[in-house]
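Engineer: Listed in order, the protein sequences are those of chains A, B, C and D. FYI, the numbering for the first sequence is 1 to 252, going by this note's numbering. FYI, the numbering for the second sequence is 253 to 504, going by this note's numbering. FYI, the numbering for the third sequence is 505 to 756, going by this note's numbering. FYI, the numbering for the fourth sequence is 757 to 1008, going by this note's numbering.
Hints in this document: simulated from the structure, not taken from any laboratory. Computed from a predicted structure; not experimentally measured. Just to be clear, a hint being listed does not mean it is correct.
Derived SDA-like pairs: lysine to any residue, alpha-carbon spacing no greater than 25 Å straight-line [claimed, not checked]:
(1) D:Lys860 to D:Ala776
(2) B:Lys306 to B:Arg489
(3) D:Lys860 to C:Asp640
(4) C:Lys608 to C:Glu527
(5) B:Lys299 to C:Glu521
(6) D:Lys803 to A:Ser12
(7) B:Lys351 to A:Ser12
(8) A:Lys99 to B:Arg489
(9) C:Lys603 to D:Leu914
(10) A:Lys54 to B:Asp386
(11) A:Lys99 to B:Thr331
(12) B:Lys356 to B:Thr331
(13) C:Lys608 to D:Gly894
(14) A:Lys151 to B:Ala389
(15) A:Lys47 to D:Arg935
(16) C:Lys558 to C:Asp732
(17) A:Lys104 to B:Arg325
(18) A:Lys99 to B:Asp388
(19) A:Lys151 to B:Asp388
(20) C:Lys655 to D:Gln857
(21) A:Lys47 to B:Lys306
(22) B:Lys306 to A:Lys54
(23) A:Lys99 to B:Gly390
(24) D:Lys907 to D:Pro934
(25) A:Lys99 to B:Lys351
(26) B:Lys356 to A:Ala156
(27) D:Lys810 to D:His979
(28) D:Lys860 to C:Gly642
(29) A:Lys47 to B:Arg382
(30) D:Lys860 to C:Asp585
(31) B:Lys306 to A:Ala50
(32) C:Lys558 to D:Asp892
Protein chains: 4
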Amino acid sequence: MRVDINCDMGESFGAYEIGADEEVLPHVTSANIACGFHGGDPTVMRKTVAAAAKLGVAVGAHPGLPDLAGFGRRAMQVTPDEVYDLLIYQVGALLGFAKAQGVKLTHVKPHGALYNMAAAQPALADAIARAVRDVDAGLVLFGLAGSHLVKAAERAGLPSASEAFADRNYLHDGALVPRSRPDAMVTDVDEAVRRAVRMVREGVVPDVEGEEIAIRADTICVHGDGPDAVPLARGLRAGLEAAGIRVVAPGA
Amino acid sequence: MRVDINCDMGESFGAYEIGADEEVLPHVTSANIACGFHGGDPTVMRKTVAAAAKLGVAVGAHPGLPDLAGFGRRAMQVTPDEVYDLLIYQVGALLGFAKAQGVKLTHVKPHGALYNMAAAQPALADAIARAVRDVDAGLVLFGLAGSHLVKAAERAGLPSASEAFADRNYLHDGALVPRSRPDAMVTDVDEAVRRAVRMVREGVVPDVEGEEIAIRADTICVHGDGPDAVPLARGLRAGLEAAGIRVVAPGA
Amino acid sequence: MRVDINCDMGESFGAYEIGADEEVLPHVTSANIACGFHGGDPTVMRKTVAAAAKLGVAVGAHPGLPDLAGFGRRAMQVTPDEVYDLLIYQVGALLGFAKAQGVKLTHVKPHGALYNMAAAQPALADAIARAVRDVDAGLVLFGLAGSHLVKAAERAGLPSASEAFADRNYLHDGALVPRSRPDAMVTDVDEAVRRAVRMVREGVVPDVEGEEIAIRADTICVHGDGPDAVPLARGLRAGLEAAGIRVVAPGA
Amino acid sequence: MRVDINCDMGESFGAYEIGADEEVLPHVTSANIACGFHGGDPTVMRKTVAAAAKLGVAVGAHPGLPDLAGFGRRAMQVTPDEVYDLLIYQVGALLGFAKAQGVKLTHVKPHGALYNMAAAQPALADAIARAVRDVDAGLVLFGLAGSHLVKAAERAGLPSASEAFADRNYLHDGALVPRSRPDAMVTDVDEAVRRAVRMVREGVVPDVEGEEIAIRADTICVHGDGPDAVPLARGLRAGLEAAGIRVVAPGA
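Just chain A, with the same shape it has in the complex:
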């Protein structure tokens, strides 16, 4: 039994710092590194690739919408062709830093609004999967468990990792409870860890009404900019390993 713990990283920009990358990094197995569109810049990218590689954390790209002012969290009416091009550009840019450091690029996880749009819109999901495959067919595409993004990876012949959230509540259909609702988050770290262990061992999670639903958890997300990022990352790593689950990146 195995699972990955991933975290979005390298989202600082110029003089602006965000996230607790250094403290979170020792506890995770995959780093999704921002590529300069919703966050991140060339210098931050270089340093984050180096920091992840030094700790043996898998290095992936975390491309987003071209909206630094909105941190990539505002949906935009982009076409599949535009999304394809945005992905190639950003994954390529991160690949540049990986190559320069002799580090293997392992995966891609879209960010924010792009992630959510790709979960729901097959045409955008396909554009992302094709772009990733066209850059490197060995890259693992991370997407919301059960979403169109995971299906698009399959259609493109690309390895995928179904992502689950230990600290988010789920609706009965497997979608996340929207952040606007007060019960969106699982705020207790111990509870989040227990949920993660069940997701991996049993493939289930209680929905927001308490009923069990099936979920596939190849990788569990830690939000690097959340207030509990460090205790959650540390707790997940310890709790999963204590439960006899190997915590490793998908491609490892």
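Knowing the structure of chain A, use the given hints to seat chains B, C and D on it.
Structural biologist: Coordinates of chains B, C and D only, in the frame set by chain A:
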């Protein structure tokens, strides 16, 4: 005897079109494709890589300063580390499109103020050469003939191409007559072609006072956004070939 | 009987030129000047204010979404508060140039996707109207005839101008035929002029099925970047005046 | 005897927070609010104007170079005309928020590299002074004491405030010790306060060698993003008032 003809391309951005790429492309052997910082965008990059590859024109990166408003023509006080990172990012991004289309990336030519700064400042030139080498040590670095950029390529163990300008006048020390002077340009296309032929065959060009100076011309530049881009490109290609000079990309 | 002819202007950016501002300007009575978000830059804004003022054309702001890469044409999920702030910023910036030149700022017309979103979403329309009023309650707000933007201006106690399109076909409910349809445009300039005259004199226009619908035309739009911008602007001005209609800006 | 305490504010951007605006604001008398080029965004601008006005702190514009990635700290080769336009745009944008809230805009202080360039280059200083005057001839222009910016304000007939730094060491000619030197900063808050009191009461400050030099201090700067911003602001306010000096904004 051989020489390359290169042209900056793909500098359009979103709804904004610039340059006569389509008309110039059939006459040149190397396309320097903008990478989204001073000009260009992901969609333009994809299309320009495809258009160049279709005609067998060598595909290179044309990275610039992060100054779209100034089209990369305003000097900025950037550090060598910043320049290194800017180069990796932009070359990587273009590499993404090249890989996605199964096209070989062959060369890198810095743009505008970055090109001029690298010609004069060894530390910036070294940063550029190291960045290019770290992404791919087979890439040819284009730099002003006799400049620090060409020397930096040598120091980094990188192949280089010395660039000469058929339509620009030279000072006695081999520097270009600044654009602010009325005699900066050689406006007559036939005269420009004659100068190009002499540069390649004899390794000399008359300076602005009429005295011959030595110049190395591995590649001759056509400015894609100049008013005479198309006749100059066509004239150079025809004139050089008529003089028995093979017009081919450096790596070909 | 009177009507205004307005045109979007000043959408060039840095080295990038777009639109036929100089040729169109003599024929229109209101210039909507881009404010640097979807297009335009500080230097272009200064020059466009000066060019319009010199010809006695009314100077207005043409604020857009923060999406230069998409020319403000891609819908974005912005909140009313964000829209309020985007409007204040852009109208203020143009007001700076107007004040510096001793020119009166007369009106505001949102651009592209923001214009369409405001036509359909009352909360965004209200945010725009409040922003315009809070900067200067004497500014005229231009909006699609019959749309929520015009109603929001009324709610905010702001003067408004109902905009009609001489070169676009209308659906029966008064909405524009989407540009994706082949019959979106009225391509014949004479026909467009005839439609404009009827809109102003009779308050009607034939819809795309040929049935007359009511329309209010306080101002008629000329698209500055369209291929027929100049003949359409010239034709409208001449045709309207020949029909005895005064062509003047709303506030004049 | 009187002096102003000013602080740069509102430099956060989207999801990125920088500075301790809320804690510093109660201790200062002038807020220099970033205008979206080197930092700040429309929403941050609105909120910062409101927060300053609520506490009776004078509201000024803090325009910078168009370089968010470099936080406006990298010199750029901009022309006087470009600087003039950059200033009008940014001061106008902030004026929009001030007008919308019924708050008086009182002053302008250029940011970072632009401030330093204007201190040393008369043509840029004049461009700034003309731009500020053209928007509103009642605005006070803040500049380094003894610099070309202060002289340019005089030439333009604009009120000026000579700025001094309590926590920076000075060279004998009145220039600041560059930040690259280890003795650039006065790190002890009490020492900084004593220096400020002497600057205002006696018009002198010891240079880095210990010799007294003349200095004019109409306004003293607190760096909002420094680690000691809050204790320095609090200490300066208390120390200056304890010394019988009125702490008020220049125009008050």
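Engineer: With reference to the structure, classify each hint as holding or not holding.
Structural biologist: Hint-by-hint comparison with the structure:
no.: 1; hint: D:Lys860 to D:Ala776; result: holds (23 Å)
no.: 2; hint: B:Lys306 to B:Arg489; result: holds (18 Å)
no.: 3; hint: D:Lys860 to C:Asp640; result: holds (15 Å)
no.: 4; hint: C:Lys608 to C:Glu527; result: holds (23 Å)
no.: 5; hint: B:Lys299 to C:Glu521; result: holds (21 Å)
no.: 6; hint: D:Lys803 to A:Ser12; result: holds (23 Å)
no.: 7; hint: B:Lys351 to A:Ser12; result: violated (28 Å)
no.: 8; hint: A:Lys99 to B:Arg489; result: violated (36 Å)
no.: 9; hint: C:Lys603 to D:Leu914; result: holds (16 Å)
no.: 10; hint: A:Lys54 to B:Asp386; result: holds (18 Å)
no.: 11; hint: A:Lys99 to B:Thr331; result: holds (22 Å)
no.: 12; hint: B:Lys356 to B:Thr331; result: violated (30 Å)
no.: 13; hint: C:Lys608 to D:Gly894; result: holds (19 Å)
no.: 14; hint: A:Lys151 to B:Ala389; result: violated (38 Å)
no.: 15; hint: A:Lys47 to D:Arg935; result: holds (24 Å)
no.: 16; hint: C:Lys558 to C:Asp732; result: holds (24 Å)
no.: 17; hint: A:Lys104 to B:Arg325; result: violated (35 Å)
no.: 18; hint: A:Lys99 to B:Asp388; result: holds (8 Å)
no.: 19; hint: A:Lys151 to B:Asp388; result: violated (34 Å)
no.: 20; hint: C:Lys655 to D:Gln857; result: holds (24 Å)
no.: 21; hint: A:Lys47 to B:Lys306; result: violated (37 Å)
no.: 22; hint: B:Lys306 to A:Lys54; result: violated (41 Å)
no.: 23; hint: A:Lys99 to B:Gly390; result: holds (13 Å)
no.: 24; hint: D:Lys907 to D:Pro934; result: holds (22 Å)
no.: 25; hint: A:Lys99 to B:Lys351; result: holds (13 Å)
no.: 26; hint: B:Lys356 to A:Ala156; result: holds (23 Å)
no.: 27; hint: D:Lys810 to D:His979; result: holds (21 Å)
no.: 28; hint: D:Lys860 to C:Gly642; result: holds (19 Å)
no.: 29; hint: A:Lys47 to B:Arg382; result: holds (16 Å)
no.: 30; hint: D:Lys860 to C:Asp585; result: holds (22 Å)
no.: 31; hint: B:Lys306 to A:Ala50; result: violated (37 Å)
no.: 32; hint: C:Lys558 to D:Asp892; result: holds (22 Å)
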